[in-house]
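Novice: Residue numbers (my numbering), protein chains in the order written: chain R, 1 to 204; chain X, 1 to 219.
Think of the hints as simulated: they come from the structure by calculation, not from any bench. Small disclaimer: the values here were computed from a predicted structure and weren't measured. One or more of the hints may lead you astray.
Result set (SDA-like, lysine to any residue): computed pairs, CA atoms no more than 20 Å apart in a straight line [unchecked claim]:
| hint | chain 1 | residue 1 | chain 2 | residue 2 |
| --- | --- | --- | --- | --- |
| 1 | X | K215 | R | E175 |
| 2 | R | K18 | R | A69 |
| 3 | X | K215 | R | E93 |
| 4 | X | K215 | R | K117 |
| 5 | X | K215 | R | K18 |
| 6 | R | K18 | X | E219 |
| 7 | X | K215 | R | A55 |
| 8 | X | K215 | R | Q189 |
| 9 | R | K199 | R | E175 |
| 10 | X | K215 | R | S38 |
| 11 | X | K215 | R | G34 |
| 12 | R | K178 | R | Q202 |
| 13 | X | K215 | R | S132 |
| 14 | R | K199 | R | T41 |
| 15 | R | K199 | R | G34 |
| 16 | X | K215 | R | T52 |
| 17 | R | K18 | R | E28 |
| 18 | X | K215 | R | K199 |
Not everything, but these chain R residues come out facing chain X in the computed CB check (under 8 Å) [unchecked claim]:
| hint | residue |
| --- | --- |
| 19 | S8 |
| 20 | V10 |
| 21 | T13 |
| 22 | F17 |
| 23 | N21 |
| 24 | G56 |
| 25 | A74 |
| 26 | G80 |
| 27 | A84 |
Glycine included, C-beta positions come from ideal geometry on N, C-alpha and C.
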Amino acid sequence: MLEAINLSCVRGTRRLFKDLNFTVERGELIELRGPNGSGKTSLLRILCGLATPAAGDVLWDGENIRSLAENYSAAVAYLGHQNAVKDELTAMENLKISSGVSGHSLSTAEAQEVLAKVGLTQQQNLPARVLSAGQRRRLGMTRLLRSNATLWILDEVLTSLDSAAMDLSREFITEHMKNGGAAIVATHQDLNINAPSVKRLQLT
Amino acid sequence: MFGWLVYRDLILAWRRRADVLATVFFFIIVTSLFPLGIGPERELLRSIAPGVVWVAALLASMLSLGRIFGNDYQDGTLEQLVLTPQPTYLVVLAKVLAHWIVSEIPLVVIAPVLGLQFGLSQNTLLTVMISLLLGTPVLSVIGSIGAALTLGLRAANVLVALLVLPLYIPVLIFGSGAVQATVTGTSPQAWLLLLAATLIVSLVFAPWATSAALKISVE
């Protein structure tokens with residue numbers, strides 16, 4: 001499904017990785033490991049099309065993601081270090097507006113359902129400014145739940161989450177795998193996810 | 001998608017009203033300083049009015065450019081916008097439209113009141129409004145190129161001024177030319193048509209340049 005061919009990444013004068021080859025199939029989970037500064041985030045940003053690799057190609061169903069452009073974006077959900085949560089908007093508005101912007105509007109009832117899933121029912125009418133770091137992360141995670149993306153690209157998804165929320169995100173990822181999705185997750189912790197196939201990718 | 005994005009930016013602007021008001025007050029104060037400093041010489045004021053109003057509008061709209069993408073860049077929303085399954089061109093157009101409504105329309109509305117300080121006739125005030133109405137979208141859309149290019153840089157505000165002000169020169173010439181023509185009693189039509197042409201050309205090409213700049217900035 002997703003295929004990385006001879007990827008290299010250069011940051012400044014430092015080569016982070018070179019000639020990286022791997023594939024991701026449906027139902028497959030890739031655990032991306034590596035010490036700080038080894039290029040995990042850079043790799044993820046290349047895979048979702050935000051950054052261009054110094055060399056190599058990323059193919060989606062055999063076609064270069066550069067030429068697929070928006071069609072590829074529709075198949076991918078990216079959750080980076082930043083939650084893309086607007087401080088001035090309430091949790092509810094954040095969810096409804098960001099869904100609308102990415103092309104699938106939610107009704108209030110649907111949005112409440114999604115917020116309930118991440119445990120933010122009580123906070124739905126609070127401005128995001130007053131939410132805690134973990135709650136904002138949970139709100140950021142709603143982006144995955146309401147998208148129909150096949151490939152989830154998650155960067156350090158477990159940071160600043162309490163154990164309940166960690167379990168929750170594991171549950172979401174497992175569920176996503178069951179529905180035939182795939183995920184690439186950069187992490188320092190053990191994910192402990194029962195996917196049909198788990199691959200580990202180590203960056204040095 | 002387009003509608004949601006405009007709606008979002010309008011709500012955000014409403015909740016950060018102070019920022020918007022600052023731009024409007026800047027415009028009011030700059031234009032009011034000239035009659036105060038020069039004194040009540042009717043003829044002189046009338047002849048400098050077109051230039052003063054337009055230069056003040058240019059500077060005021062430049063002040064607000066950083067807000068087009070700045071906040072979205074900081075909280076990561078911009079990456080998500082670039083990754084939405086729509087062309088970035090549309091994202092840029094929506095954000096420029098919202099910026100124009102929020103930061104430029106108030107200038108268009110308030111300009112005739114400020115023009116009274118310069119003793120402009122009713123006819124001229126109308127030209128001021130029409131020329132601003134045609135010219136300010138150009139300021140927003142061309143300014144968005146500078147705003148996108150300077151995202152995340154330290155001296156972003158100064159750089160934006162250096163990048164964008166030279167590009168504003170045609171708008172300044174056509175806009176103040178139109179007002180000047182009305183003041184001297186000739187028809188401003190030619191100037192306004194030139195402004196309209198500039199608007200069309202910049203609406204077609206500038207968002208394209210902005211989206212290329214955005215993609216570089218988020219990388």
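Novice: Now look at each hint and say whether the structure bears it out.
Specialist: Tested hints:
Only pairs whose Cα atoms come within 20 Å are accepted, and K215(X) paired with E175(R) is rejected, the gap being roughly 33 Å. Of the pairs offered as hints, the one joining K18(R) and A69(R) is violated, with about 24 Å between alpha carbons and a cut-off of 20 Å exceeded. Note on K215(X) and E93(R): the hinted pairing is violated, with a Cα-Cα distance of about 26 Å set against a maximum of 20 Å. Distance check on the hinted pair: K215(X) and K117(R) sit about 33 Å apart at the alpha-carbon level, beyond 20 Å; violated.
Taken as a hint, the K215(X) and K18(R) pair is broken in the structure, with Cα atoms around 23 Å apart against an allowance of 20 Å. Of the supplied pair hints, the one linking K18(R) and E219(X) holds, its CA atoms being roughly 19 Å apart against a limit of 20 Å. As the CA atoms of K215(X) and A55(R) are separated by approximately 18 Å, the hinted pair is consistent with the 20 Å bound. Our distance criterion of 20 Å between C-alpha atoms is broken by K215(X) and Q189(R), whose separation comes to about 32 Å.
For the given pair, K199(R) sits about 18 Å from E175(R) by alpha-carbon distance, which is consistent with the 20 Å threshold. The hinted pair formed by K215(X) and S38(R) fails the criterion: a straight-line CA distance of about 23 Å is larger than 20 Å. Proposed proximity of K215(X) and G34(R) is contradicted: the alpha carbons are some 27 Å apart, above 20 Å. With a C-alpha separation of about 25 Å, the suggested pair K178(R) and Q202(R) falls outside the 20 Å cut-off, and the hint is violated.
With a C-alpha separation of about 31 Å, the suggested pair K215(X) and S132(R) falls outside the 20 Å cut-off, and the hint is violated. For the given pair, K199(R) sits about 18 Å from T41(R) by alpha-carbon distance, which is consistent with the 20 Å threshold. Taking the CA atoms of K199(R) and G34(R), the gap is near 14 Å; set against the 20 Å cutoff, the hint holds. The straight-line distance between the Cα atoms of K215(X) and T52(R) is roughly 10 Å, inside the 20 Å bound, and the hint therefore holds.
The hinted pair formed by K18(R) and E28(R) fails the criterion: a straight-line CA distance of about 23 Å is larger than 20 Å. Only pairs whose Cα atoms come within 20 Å are accepted, and K215(X) paired with K199(R) is rejected, the gap being roughly 31 Å. Contact between S8(R) and chain X, as hinted, is not supported at the beta carbon level, the nearest pair being about 15 Å apart and thus beyond 8 Å. At about 13 Å, the closest approach between the beta carbon of V10(R) and any beta carbon in chain X exceeds 8 Å, and the interface hint on this residue is violated.
For T13(R), the suggested interface contact is broken, since its CB lies about 17 Å from the closest CB of chain X, more than 8 Å. For F17(R), the suggested interface contact is broken, since its CB lies about 17 Å from the closest CB of chain X, more than 8 Å. With 8 Å as the threshold, the beta carbon of N21(R) stays out of range of chain X, its nearest partner Cβ sitting at about 23 Å, so the hint is violated. With a cut of 8 Å, the hint placing G56(R) at the interface with chain X is violated, because the nearest CB-to-CB distance is about 16 Å.
Nearest Cβ of chain X to the Cβ of A74(R): about 4 Å, under the 8 Å cut. The hint holds. A distance limit of 8 Å between C-beta atoms decides the matter here; for G80(R) the minimum to chain X is near 6 Å, and the interface restraint holds. Using the Cβ-Cβ criterion of 8 Å, the hint placing A84(R) at the interface with chain X is satisfied: the shortest such distance is roughly 4 Å.
Hint compliance for this structure: hints 1, 2, 3, 4, 5, 8, 10, 11, 12, 13, 17, 18, 19, 20, 21, 22, 23, 24 are broken, all remaining hints hold.
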